[in-house]
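For this one, chain A is given, so just place chain B on it according to the hints.
Protein chains in written order, with the numbering used here: chain A, 456 to 600; chain B, 168 to 546.
Simulated from the structure, these hints should not be mistaken for laboratory data.
One should not assume that every hint holds.
[As the list claims (entries may be wrong)] If you want the footprint, here are the derived chain A segments under chain B, 3+ residues with CB under 8 Å:
no.: 1; segment: 491-505
no.: 2; segment: 509-522
no.: 3; segment: 543-549
[Said to hold, decoys possible] Some chain B residues well away from chain A (every beta-carbon gap over 12 Å; in silico):
no.: 4; residue: 247
no.: 5; residue: 330
no.: 6; residue: 456
From the three backbone atoms N, C-alpha and C, an ideal C-beta is built for every residue, glycine too.
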Amino acid sequence: MTRRLRIILGLALAGACLAGMVGVVAADGSVTQHVAARYQPVPADTVPGARPDSRAFRSADPPAATADAIAAAWTPAERLDDPTGVYLRYRDVLVAALPADGGSWITVDRVQQGYARYYPVVGHRWGRRTGFGEGFRGGGPGFGK
Amino acid sequence: MTGVRAVLLLAGLLLVAGPAAAQPVFDAADVTVVQQRLERAAAAQDACYGWTVSLTDPTGPSGVQQGGAPGGLGAVPDLARCRAWALLEITITFVPETSDAADRATIRVDSSAGALPPPAGATEAALLSDRGDEFALAAIDALPGLLAQTGQAPFLPPATSPTAPADDPLGAAAGSDFLRERGGLVALLGLGVVGGLAWAGIEFVRGSDVVRSLTDRYGLTRARHPVELLQPGDVVAVDGTEWLLRGTLAYEEDGYRWAEHLLDDTAGTRRWLSVDASEGLDVALWETVPLAAVTGEPGAGQLVIGGTGYLRTERGRARFTATGTTGTPASGTCDYADYRAISGPGLAAAEHYGGGWEVSVGRTANPHDIVVIPAPQQE
Numbered sequence: 456m457t458r459r460l461r462i463i464l465g466l467a468l469a470g471a472c473l474a475g476m477v478g479v480v481a482a483d484g485s486v487t488q489h490v491a492a493r494y495q496p497v498p499a500d501t502v503p504g505a506r507p508d509s510r511a512f513r514s515a516d517p518p519a520a521t522a523d524a525i526a527a528a529w530t531p532a533e534r535l536d537d538p539t540g541v542y543l544r545y546r547d548v549l550v551a552a553l554p555a556d557g558g559s560w561i562t563v564d565r566v567q568q569g570y571a572r573y574y575p576v577v578g579h580r581w582g583r584r585t586g587f588g589e590g591f592r593g594g595g596p597g598f599g600k
Numbered sequence: 168m169t170g171v172r173a174v175l176l177l178a179g180l181l182l183v184a185g186p187a188a189a190q191p192v193f194d195a196a197d198v199t200v201v202q203q204r205l206e207r208a209a210a211a212q213d214a215c216y217g218w219t220v221s222l223t224d225p226t227g228p229s230g231v232q233q234g235g236a237p238g239g240l241g242a243v244p245d246l247a248r249c250r251a252w253a254l255l256e257i258t259i260t261f262v263p264e265t266s267d268a269a270d271r272a273t274i275r276v277d278s279s280a281g282a283l284p285p286p287a288g289a290t291e292a293a294l295l296s297d298r299g300d301e302f303a304l305a306a307i308d309a310l311p312g313l314l315a316q317t318g319q320a321p322f323l324p325p326a327t328s329p330t331a332p333a334d335d336p337l338g339a340a341a342g343s344d345f346l347r348e349r350g351g352l353v354a355l356l357g358l359g360v361v362g363g364l365a366w367a368g369i370e371f372v373r374g375s376d377v378v379r380s381l382t383d384r385y386g387l388t389r390a391r392h393p394v395e396l397l398q399p400g401d402v403v404a405v406d407g408t409e410w411l412l413r414g415t416l417a418y419e420e421d422g423y424r425w426a427e428h429l430l431d432d433t434a435g436t437r438r439w440l441s442v443d444a445s446e447g448l449d450v451a452l453w454e455t456v457p458l459a460a461v462t463g464e465p466g467a468g469q470l471v472i473g474g475t476g477y478l479r480t481e482r483g484r485a486r487f488t489a490t491g492t493t494g495t496p497a498s499g500t501c502d503y504a505d506y507r508a509i510s511g512p513g514l515a516a517a518e519h520y521g522g523g524w525e526v527s528v529g530r531t532a533n534p535h536d537i538v539v540i541p542a543p544q545q546e
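Next comes chain B alone, as it looks inside the complex:
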């Protein structure tokens, strides 16, 4: 007997818990106003309307509310008996904040002539927002208008009045039309102005003499790597080979400076070591190749050297000053083009000192793998 009583008690509890799911979703006063308008429109248009709003919310009571015209709050009328009808279904599902799933809202409008697009403004984001109930009511409110717009129900004659009652003035200001329509564009353009000026300013200051004179005046020079201080007479060890530094070409272009050093070993092999400290410390070791091995015009957009394709990355004209043995005039201008291999880490460069193009291939070197033995100081 005790067991039967317990089962009955459990069933009773379930029955009590059941009706909670049918709690109303909307504020009673708000939904009543909308419902009355719906019923007036239905009568005037000889049409039927129904709506269902389902709310699932783990942090608050869930509920389903329905209504329609004719019939009123609480039930959707039998639409099949109506000449023209529209049915709105909204489901809103909030998930616990611990869940990975996103909150969801769906809105569907069906009618006697098939599915209709949802009312303007009733988007998923709007329904999930803190004005969601307002947008849902507005969607119900829009049903008679939607049905008239599709031609299934008649439009109603304009309703006008001489005055608005003093106790119901038009509420909150609607905000600037200009900002609403063009605010985003103006903000984007403003961002472009600031960004462009900042970019130009940074490029102007960087590598300009202003920075150099300030660092010189206040002794703000940064620590330099030995490869930045190379000069003729130094011995350079790269990858286990020792080279004697024969000469240096110092370049300058629009405030940017870099250097190339001519190295040779005891067997007479020659290499160039380029050192560019303008953006980090870029060091590369270069070997001149015969022009016969080059397919394509040096300086052009792409070259093929020894079967490897290269694409041009930069081109310009720099002033240079030579010290020691370099095989160039003591100073002058040099047209150059830098290339990068289409695949792989290879580099190539074309340089023109007045006589003709010289082409080199190279590879980057880690400055920390380079050992510099400075030349003995001469008094």
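Here chain A stands alone, though its shape is the one from the complex:
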């Protein structure tokens, strides 16, 4: 391989990666856009507890499968599997997949409003990092306290 070819290859690698970065950043998107593009919208008040900014969608899959698909596209910060449904926490929104006739309702709420809406489920369970111990090693919680 000649020197000129190596220079061209190096520049091509850098250029391709730069183009990839621009593409990834430009295609940014969000979990809200992802849900809106893939699921059929329904009136927000179809699902109990709707807020003015709430959005709702219909999925043919049950809650766990629906939540799995959404989480595969956009990894949530936290996930909660509850008998009332599956709850995904993102920075700006709370996405819930709730059971409905074999399929599910998907609700998308701004995160603070979603937290208030689903407080009976997610309250005391999310964002309580400081309330827990420091793992099991070296005695863990419950020991020596």
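Chain B alone, transformed into the frame defined by chain A:
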């Protein structure tokens, strides 16, 4: 009598030591909250839940904690009497830091309809992390949801509220969704940009005239081996044979330079000595072979010469300048292809100076085994 007393005392000590193994594993307040939720779900779903967490830790107290619904903390309920049930078993084993074995965590979920996949997030790494207790509690917490998802227990109606209490706001920010999802890819691509630019930059500077002019200006020339300074008239001793250097071909391609020297001995035998100092000091001794001994088109991807197979390693076109006797024009361009034997250390080369292909076979030579006797300086 003394002996019997000692045995009784030892047995008593063992009994005292025994219950320590049943120490609780979780923080009492944390596990109580999870346990209450489990019991509410069990009642609403008409299902049973049980869990066992075993901790073995040589640097701290080990313990086993159990719980379930119905029944509460302390015992796993009799699941066989339940219509639908799920049982979670977690074992966490830390080893001493002096041990070669790795820390281990296992998680198993059994149910009235067979084994279930572990709850999302409850991985071995998570359970061994410094938030392990939190992940274990979350796994217990997820049991009613898992059972509903498999259809063994009913889903419960959504529970909503008008507001969240002011004294329990949503805690720590969840971090950027974009970085969580695409951060690794962006970092990898960034590494590619930096790496590609660095590679191109190094190749550009290396062997370019910039380096040569700087080294010339500041006298930064490195010490040179005598074979790098060969010129016509020198005598070269290789492997005990003395050769007279007849002529030199100096090559240049994209800033890379190397040389080939034509040698002959008193019997008229001819060899070429190639010297390439661009990456270390590569020296090889070459012998031209008749084209009739070559199978394959010179310059092609592979050649067979005298029964030995060779694969092409490099191909290009270089400018050359001749001094002394070389059998080539005084200057011009040369197409070349370098080959390496498929097995063994052999080398081959094909060169085209305009007249036709010339093929040589060669072997590398250690520069330090070569003795150079410079030609007498002519005034």
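So, going through the hints one by one against the coordinates:
1. Counting residues of the segment 491-505 of chain A whose CB falls under 8 Å from any CB of chain B gives 3; the rule of at least 3 is met.
2. A stretch counts as covered by a chain when three or more of its residues have a beta carbon under 8 Å from one of that chain; for the segment 509-522 of chain A and chain B the count is 3, and the coverage holds.
3. Three residues within the 8 Å Cβ limit are the bar, and the segment 543-549 of chain A against chain B gives 4, so the coverage statement holds.
4. Residue placement check: residue 247 of chain B keeps its beta carbon more than 12 Å from all beta carbons of chain A (closest about 22 Å).
5. A cut-off of 12 Å between C-beta atoms contradicts the statement that residue 330 of chain B is not in contact with chain A; the least separation is 5 Å.
6. Taking the minimum C-beta to C-beta distance to chain A, about 26 Å, the non-interface status of residue 456 of chain B holds against the 12 Å cut.
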